[in-house]
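Peer 1: Chain B with the ligands: place on chain A using the hints.
2 protein chains.
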Amino acid sequence: MSKDGILFDRVTFIGIGLIGSSLARSVKKTGSAAHITVCDINQAHRDKAVELGFADDASGDFIAAVKDADLVVICTPPGVCGDAAAAFAPGLKEGAIVTDVGSVKQSIIHDVSQHLPDGVHFVPAHPIAGTEHSGPEAGFAELFDGRWLILTPPAGTDETAIAKVRTLWERAGSQIEIMDAQHHDMVLAITSHLPHLIAYTIVGTADDLGEHLKQEVIKFSASGFRDFTRIAASDPVMWRDVFLNNKEAVLEILQRFSEDLTFLQRAIRWGEGDKLEELFSRTRKIRREIIEAKQA
Amino acid sequence: MSKDGILFDRVTFIGIGLIGSSLARSVKKTGSAAHITVCDINQAHRDKAVELGFADDASGDFIAAVKDADLVVICTPPGVCGDAAAAFAPGLKEGAIVTDVGSVKQSIIHDVSQHLPDGVHFVPAHPIAGTEHSGPEAGFAELFDGRWLILTPPAGTDETAIAKVRTLWERAGSQIEIMDAQHHDMVLAITSHLPHLIAYTIVGTADDLGEHLKQEVIKFSASGFRDFTRIAASDPVMWRDVFLNNKEAVLEILQRFSEDLTFLQRAIRWGEGDKLEELFSRTRKIRREIIEAKQA
Ligand SMILES: NC(=O)c1ccc[n+]([C@@H]2O[C@H](COP(=O)([O-])OP(=O)(O)OC[C@H]3O[C@@H](n4cnc5c(N)ncnc54)[C@H](OP(=O)(O)O)[C@@H]3O)[C@@H](O)[C@H]2O)c1
Ligand SMILES: NC(=O)c1ccc[n+]([C@@H]2O[C@H](COP(=O)([O-])OP(=O)(O)OC[C@H]3O[C@@H](n4cnc5c(N)ncnc54)[C@H](OP(=O)(O)O)[C@@H]3O)[C@@H](O)[C@H]2O)c1
Numbered sequence: 001m002s003k004d005g006i007l008f009d010r011v012t013f014i015g016i017g018l019i020g021s022s023l024a025r026s027v028k029k030t031g032s033a034a035h036i037t038v039c040d041i042n043q044a045h046r047d048k049a050v051e052l053g054f055a056d057d058a059s060g061d062f063i064a065a066v067k068d069a070d071l072v073v074i075c076t077p078p079g080v081c082g083d084a085a086a087a088f089a090p091g092l093k094e095g096a097i098v099t100d101v102g103s104v105k106q107s108i109i110h111d112v113s114q115h116l117p118d119g120v121h122f123v124p125a126h127p128i129a130g131t132e133h134s135g136p137e138a139g140f141a142e143l144f145d146g147r148w149l150i151l152t153p154p155a156g157t158d159e160t161a162i163a164k165v166r167t168l169w170e171r172a173g174s175q176i177e178i179m180d181a182q183h184h185d186m187v188l189a190i191t192s193h194l195p196h197l198i199a200y201t202i203v204g205t206a207d208d209l210g211e212h213l214k215q216e217v218i219k220f221s222a223s224g225f226r227d228f229t230r231i232a233a234s235d236p237v238m239w240r241d242v243f244l245n246n247k248e249a250v251l252e253i254l255q256r257f258s259e260d261l262t263f264l265q266r267a268i269r270w271g272e273g274d275k276l277e278e279l280f281s282r283t284r285k286i287r288r289e290i291i292e293a294k295q296a
Numbered sequence: 001m002s003k004d005g006i007l008f009d010r011v012t013f014i015g016i017g018l019i020g021s022s023l024a025r026s027v028k029k030t031g032s033a034a035h036i037t038v039c040d041i042n043q044a045h046r047d048k049a050v051e052l053g054f055a056d057d058a059s060g061d062f063i064a065a066v067k068d069a070d071l072v073v074i075c076t077p078p079g080v081c082g083d084a085a086a087a088f089a090p091g092l093k094e095g096a097i098v099t100d101v102g103s104v105k106q107s108i109i110h111d112v113s114q115h116l117p118d119g120v121h122f123v124p125a126h127p128i129a130g131t132e133h134s135g136p137e138a139g140f141a142e143l144f145d146g147r148w149l150i151l152t153p154p155a156g157t158d159e160t161a162i163a164k165v166r167t168l169w170e171r172a173g174s175q176i177e178i179m180d181a182q183h184h185d186m187v188l189a190i191t192s193h194l195p196h197l198i199a200y201t202i203v204g205t206a207d208d209l210g211e212h213l214k215q216e217v218i219k220f221s222a223s224g225f226r227d228f229t230r231i232a233a234s235d236p237v238m239w240r241d242v243f244l245n246n247k248e249a250v251l252e253i254l255q256r257f258s259e260d261l262t263f264l265q266r267a268i269r270w271g272e273g274d275k276l277e278e279l280f281s282r283t284r285k286i287r288r289e290i291i292e293a294k295q296a
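Line by line, the protein sequences give chains A and B. Using the UniProt record's numbering, read the first sequence as starting at 1 and increasing by one per residue. Using the UniProt record's numbering, read the second sequence as starting at 1 and increasing by one per residue.
Same shape as in the complex, but just chain A (with noise of 0.2 Å):
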């Protein structure tokens, strides 16, 4: 696929806040759409995203919304996906190529695929990165660059949409891997869900504390506990969506934390030393690894 110029004549983002401007801003740039749409819920979001200059036109329309696009890309909170779909898919041509950018793949594929269209591509996708804001203005076409983008198509899917969806992204700067919806879940419960999942909770269990520990704590926040904040900033509507649909995996990597949790626990109140330095001198291994794999 060349590296410039055209790749899809008409591409409609449906949600358009910090993911979706962000890449619509790099289809821009790239010039890889002749015209943006956008459609939104949020009449506030549409005017931002024309105003801001990354979409041509805006509708709150899904089905004129979607009319005449070669490329529609998701860009709502996971668990509207699917309803999403269901209200844009009568629109939408022969030929056209659906995909979408949510963190997790399983759900998201059962709830879009049934309300498509045959001789429409749904290319499943998911970019490893994201800020803790929200909405068009947080976005930029740069959150992209230099990071992973996932795509998880199911067996059979055209093999010319995916290549297409896949130069978007190469676009953007992304690098590509292809894997398999189910283990993308997996893996993903492990690096991104149950991070967030113990950042909610550590923060949660600090805001419960009496109003002067509390201000205390914030006070002294640069000693670790900031860092967990950051995390726990991030979109409340989007995490209990992915909680709630990649329920199975979060569990599963859960109990395994706990288990862990509880050794460590243990072995402080008896006042294991050796047991608490083996660990801590394994982990500080998995921070150079990330630091050689350039992903620090």
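Careful: at least some of the hints might be erroneous.
Stated by the list, open to error - FRET-style restraints, in silico, Cβ to Cβ:
1. A64(B) with G146(A): 45 to 55 Å
2. E170(A) with E137(B): 36 to 46 Å
3. E278(A) with T160(B): 40 to 50 Å
4. A64(A) with R288(B): 33 to 43 Å
Hints listed in this document are in silico derivations from the structure and should not be mistaken for laboratory results. We treat Cβ as the ideally placed atom computed from N, Cα and C, and that holds for glycine.
Peer 2: Okay, now just chain B with the ligands, sitting in the frame of chain A:
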């Protein structure tokens, strides 16, 4: 106390790793001491301190190192502060001030005080600043700039000694807070010790996965996990000591955390999205307060 000029004729650092070398650099830079001696069990660290220029001389002999010192700063791992004090105490001169930088306070006060002769003043301190790196090369003079320094002097501690230690840290850029050692240990259990324990646990859980899955976790760590690996790369010996020496407060806050995590686990299992969203919205607020408190 004056803003610059010599505060102490001779200062001796016991342990010259990240924190000791950072403070020594600051003391040099601000001209707060006429002479700096370092004492460390690690010969390479002693040599490095002199080579890097923030120590005037170095010794492996604890008694010789503190001879004539007006201030002795203990910067060893928390678990050996008492041993270090036992080793150098016989060399202290009448009226000398001893301070430390340990991350736990009650146990260090207990371990150190018992060895100090009458006429020596002990002013326990804890800088709320650090990195995941260790050793004298990891230090830098600006580490404490704009960060908190907590003093936990027991009732009856000499006011002049407190004021001098306070000034030393103010010159390093720190803001000073005075609190009771027991309260310190509870606040830090929440803001620092529990976050580190959790981070060590989750990185350990990932390390126990099969090699293939582990490589994928490293690859896709940008989605949350990597922030935990930075914390879990902190010094194993120091952190072993922290948990062993602040056992009660850590176990108490860990118990609360576990209950809260179980509550979320149950909400995920039963699909109670409202409970998840309610918590995730609350935690977002704390982040804002930390940003407002300029601790982000
Ligand atoms: N944030 C990350 O770090 C990250 C990383 C990788 C992937 N993702 C995935 O990216 C997707 C979007 O996340 P985001 O962070 O960009 O969220 P966001 O900033 O909140 O944007 C979502 C946008 O979709 C709109 N919307 C909500 N329901 C809709 C519906 N039924 N139809 C049309 N528009 C709707 C929202 O409007 P309102 O604001 O009015 O609700 C908002 O404008 C999610 O699937 C998420 O899993 C996120
Ligand atoms: N790191 C942080 O983020 C942080 C923040 C606030 C407070 N603190 C506190 O600062 C203190 C030092 O931590 P750090 O991060 O600076 O550790 P570090 O970089 O490992 O430095 C500790 C130094 O003390 C030496 N040492 C070990 N045992 C000794 C002994 N018995 N006598 C003399 N020297 C000895 C070590 O030598 P070896 O390397 O050969 O063992 C090393 O040179 C700890 O009490 C910690 O609680 C740390």
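Peer 1: For each hint, tell me whether it holds in the structure or not.
Peer 2: Structure-based check of all given hints:
{"no.": "1", "hint": "A64(B) with G146(A): 45 to 55 Å", "result": "holds (53 Å)"}
{"no.": "2", "hint": "E170(A) with E137(B): 36 to 46 Å", "result": "holds (40 Å)"}
{"no.": "3", "hint": "E278(A) with T160(B): 40 to 50 Å", "result": "holds (45 Å)"}
{"no.": "4", "hint": "A64(A) with R288(B): 33 to 43 Å", "result": "holds (38 Å)"}
Consistency note: the structure conflicts with none of the earlier hints.
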